[in-house]
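*Asks:* Taking the hints into account, I'd like the entire structure generated from these sequences.
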Amino acid sequence: MKSLGSIRRDFAPWNDPNAKPYIQFDKATKKFGDFTAVNNLSLTIFEREFFALLGASGCGKSTLLRMLAGFEEPTAGRILLDGQDLRGIPPYRRPVNMMFQSYALFPHMTVENNIAFGLKQDGMPKPEIAARVGEMLKLVKLEQFAKRKPHQLSGGQRQRVALARSVAKRPKVLLLDEPLGALDKKLREETQFELMDLQQSLGLTFVVVTHDQEEAMTMADRIAIIDKGEVMQVATPAEVYEAPGSRFVAGFVGNVNMFEGKIAHGEAGAASIDAGNGITIRTENAGDAATGATVAFAIRPEKIKISSTRPAGAVNAIEGEVYDIAYLGDMTVYHVRLDDGHVVRASTMNAARITEDPLSWNDRAWVSFRPDAGVVLTR
Amino acid sequence: MSNAAVTAAASSRAAAAGKSALARLGEAFVGRLVIIIPYLWLVFFFLIPFVIVFKISLSQTAIAIPPYTPVLGFGDGLSGFVAQLRQLSIDNYVWLTQDALYVNAYVTSVIVAAISTVLTLLVGYPIAYGMARAPAMLRPTLLMLVILPFWTSFLIRVYAWIGILKPEGLLNQLLLATGVISQPLIILNTYTAIFIGIVYSYLPFMVLPLYSSLEKMDYSLIEAAKDLGCPPTSAFWKITFPLSLPGVIAGCLLVFIPAVGEFVIPDLLGGSQTLMIGKTLWNEFFANRDWPVSSAVAVILLLLLIVPIMLFQRAQARAQEQDK
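The listed protein sequences correspond, in order, to chains A and B. Here this note's numbering is used: position 331 in the first sequence is 331, and no number is missing along the way. To convert, count from 1 in the second sequence and add 1000; that's this note's numbering.
Since the hints were derived computationally from the structure, they do not count as laboratory data. Don't take every hint at face value.
Stated by the list, open to error - When the alpha-carbon atoms are kept at most 27 Å apart in a straight line, the in silico DSS-like pairs for lysine-lysine are as follows:
#1 A:LYS120 to A:LYS147
#2 A:LYS138 to A:LYS149
#3 A:LYS186 to A:LYS20
#4 A:LYS138 to A:LYS185
#5 A:LYS185 to A:LYS149
#6 A:LYS27 to A:LYS172
#7 A:LYS126 to B:LYS1238
#8 A:LYS149 to B:LYS1216
#9 A:LYS149 to B:LYS1166
#10 B:LYS1216 to A:LYS147
#11 A:LYS305 to A:LYS2
#12 A:LYS185 to A:LYS126
#13 A:LYS172 to A:LYS120
#14 B:LYS1238 to A:LYS172
#15 A:LYS126 to A:LYS147
#16 A:LYS147 to B:LYS1238
#17 A:LYS186 to A:LYS228
#18 B:LYS1216 to B:LYS1238
#19 A:LYS126 to A:LYS138
#20 A:LYS120 to B:LYS1238
#21 A:LYS185 to A:LYS120
To be verified - Derived CB-CB ranges, DEER-like:
#22 B:PRO1135 to A:ASP26: 28 to 38 Å
#23 B:PRO1135 to A:GLY181: 39 to 49 Å
#24 B:LEU1122 to A:ASP85: 39 to 49 Å
#25 A:ASP26 to B:ALA1134: 28 to 38 Å
#26 A:ALA146 to B:ALA1134: 35 to 45 Å
#27 A:GLY88 to B:LEU1145: 33 to 43 Å
#28 B:ILE1249 to A:GLY181: 51 to 61 Å
#29 A:GLU143 to B:ILE1249: 45 to 55 Å
#30 A:SER102 to B:PHE1150: 33 to 43 Å
#31 B:LEU1122 to A:ILE89: 51 to 61 Å
#32 A:ALA146 to B:PHE1312: 28 to 38 Å
#33 B:ARG1024 to A:PHE193: 49 to 59 Å
Given the structure is predicted, the values throughout are model-derived calculations rather than measurements. We put the CB at the ideal spot given by N, CA and C, even for glycine.
*Replies:* Set out below in structure tokens:
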């Protein structure tokens, strides 16, 4: 069985035409004065999905989250949750909870009271509140910190209190605004998996806003890439990476080599692309791009092989000169300047400790790739 | 390395160490100096005058210059000084407790100041809240408007209120003209006028500390409260108000303390029917020329204010200590 990327997914309601959408942005627009933060955006999120909104800062992703939470009302369009139009429902009556980027822990309350705050608002009986708070503290492993105040905790502990507080009410949807943004790298990696476990065990729908593509790729079932208030692509992490829908997405997620050119000859998905200066690229992933169409050929650095001689039987092989090498330990990234001046990045996993015949700066080298290694982008 | 080189290096290190020690001493001295200056200020302008006032409060009134005995001095040698000290007595304090006038004046002053403080808080809080929530561009202007009245003399501003509050004043004319009332309201020379005067005069002292504590509050806390199911009014009482308590306390103290001893406002707006300790003190001093009794009144007033404030501050410090 073949699959895009290296993971098999059993949870994929977005492929099921009968699946009922849980959260729906229906042509939602939000304007702040002259500035359009969200532009006629439609998006569907399914129940129990871990959904990521990925984009650069100021792209409108946080506005989407704030509209779901009820802090902003859309200027036009609708937002539906479980079939119900959310317009006019104030934040305190929505069955969604949010984990704030700043955590927004109440500084005058203990950890315990912070977590209990939402439950008290609902008028839950005291013994039940105590039980739920205990359960939440256990979940985030902060039992011995129950009586502390937020300023007596470390950054990671505060993050967990914020998380416990936001899931304590068992919301239908949990919104997370840059949940790991304030943590250092190591803690962030650990917490990513904790968040995924938590989502699985509670069976909640998570919508997370992030500018960190690695974070989105690790945690999310699907990613929506947002730019200038519009959705560029919604897909699984593997699809976003291996089958980007546009030049923007290909360039935004991960590293990519891009060749602009024209389809010289194409049929049944296979095509040869004239990239100028005598470079012809043969690909099997041309989709329905017609002959003569202006396209971009995008290929990831790790899918390009680099060698000192032309590999025998290679369909695509271009000669150039090594002008920069970055040794990163687990892999090495070569920057090769092709004879037409084009610079190509090729990365090689350092699977062995010893390399025979290593390349050096200014060496002549060949970059080669298989015909199915890259994708043709028409947008 | 040769021996000579080692010695040279050692001596130069020692020199460097000696220099840095001297520099450290200098820094320590400058550090102390910074603390000493305010303490010296307090000693010269608070402690010494207070000791003098306290001494006068233990003296007896006399028709002389200065109008009390004994006047301490070493004119008759040490034994004479001790003899003078023997003449000091607490008679004036006993007198204060025996005359209901003073007790009443103290009690009334504290009550008037307390009511005025609460009223100032009620008026000042919404102002400070509105300022803190105003667009950042507008805030300096609003702050300026709060401070603006200070550019005119306090006395003149209180006088202006006479023109507003008197029976044929602006307020009554306005209310009569609009038909809200048919008889002029008697406000001037009542406690109501004192309340109005104090609220008006001390409002900036309430607004400024409130504003500074409300302004630095993170608005996402309110959003978090709403997100967790808390309607806006309830969010105010559960989040905003508790977090602004330091501002509330500072503002209340800044209003309450001077209001207890206030003299100008009760004198100009309160008339002769109202009784407050500041006015009583003024009468003792200027009308009766009884320096010892008025000094005793001042000492009691100070103790009356200082003791609760110190207790309160100690409780606060302890609460902060526990938080850490």
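*Asks:* Look at each hint and say if it fits the structure.
*Replies:* Hint-by-hint comparison with the structure:
no. : hint                              : result
1   : A:LYS120 to A:LYS147              : holds (17 Å)
2   : A:LYS138 to A:LYS149              : holds (17 Å)
3   : A:LYS186 to A:LYS20               : violated (38 Å)
4   : A:LYS138 to A:LYS185              : holds (24 Å)
5   : A:LYS185 to A:LYS149              : holds (25 Å)
6   : A:LYS27 to A:LYS172               : holds (22 Å)
7   : A:LYS126 to B:LYS1238             : holds (18 Å)
8   : A:LYS149 to B:LYS1216             : holds (19 Å)
9   : A:LYS149 to B:LYS1166             : violated (54 Å)
10  : B:LYS1216 to A:LYS147             : holds (25 Å)
11  : A:LYS305 to A:LYS2                : holds (22 Å)
12  : A:LYS185 to A:LYS126              : violated (39 Å)
13  : A:LYS172 to A:LYS120              : holds (18 Å)
14  : B:LYS1238 to A:LYS172             : holds (25 Å)
15  : A:LYS126 to A:LYS147              : holds (17 Å)
16  : A:LYS147 to B:LYS1238             : holds (18 Å)
17  : A:LYS186 to A:LYS228              : violated (31 Å)
18  : B:LYS1216 to B:LYS1238            : holds (17 Å)
19  : A:LYS126 to A:LYS138              : holds (18 Å)
20  : A:LYS120 to B:LYS1238             : holds (12 Å)
21  : A:LYS185 to A:LYS120              : violated (35 Å)
22  : B:PRO1135 to A:ASP26: 28 to 38 Å  : holds (32 Å)
23  : B:PRO1135 to A:GLY181: 39 to 49 Å : violated (27 Å)
24  : B:LEU1122 to A:ASP85: 39 to 49 Å  : holds (41 Å)
25  : A:ASP26 to B:ALA1134: 28 to 38 Å  : holds (35 Å)
26  : A:ALA146 to B:ALA1134: 35 to 45 Å : holds (39 Å)
27  : A:GLY88 to B:LEU1145: 33 to 43 Å  : holds (36 Å)
28  : B:ILE1249 to A:GLY181: 51 to 61 Å : violated (35 Å)
29  : A:GLU143 to B:ILE1249: 45 to 55 Å : violated (34 Å)
30  : A:SER102 to B:PHE1150: 33 to 43 Å : holds (37 Å)
31  : B:LEU1122 to A:ILE89: 51 to 61 Å  : violated (33 Å)
32  : A:ALA146 to B:PHE1312: 28 to 38 Å : holds (30 Å)
33  : B:ARG1024 to A:PHE193: 49 to 59 Å : holds (51 Å)
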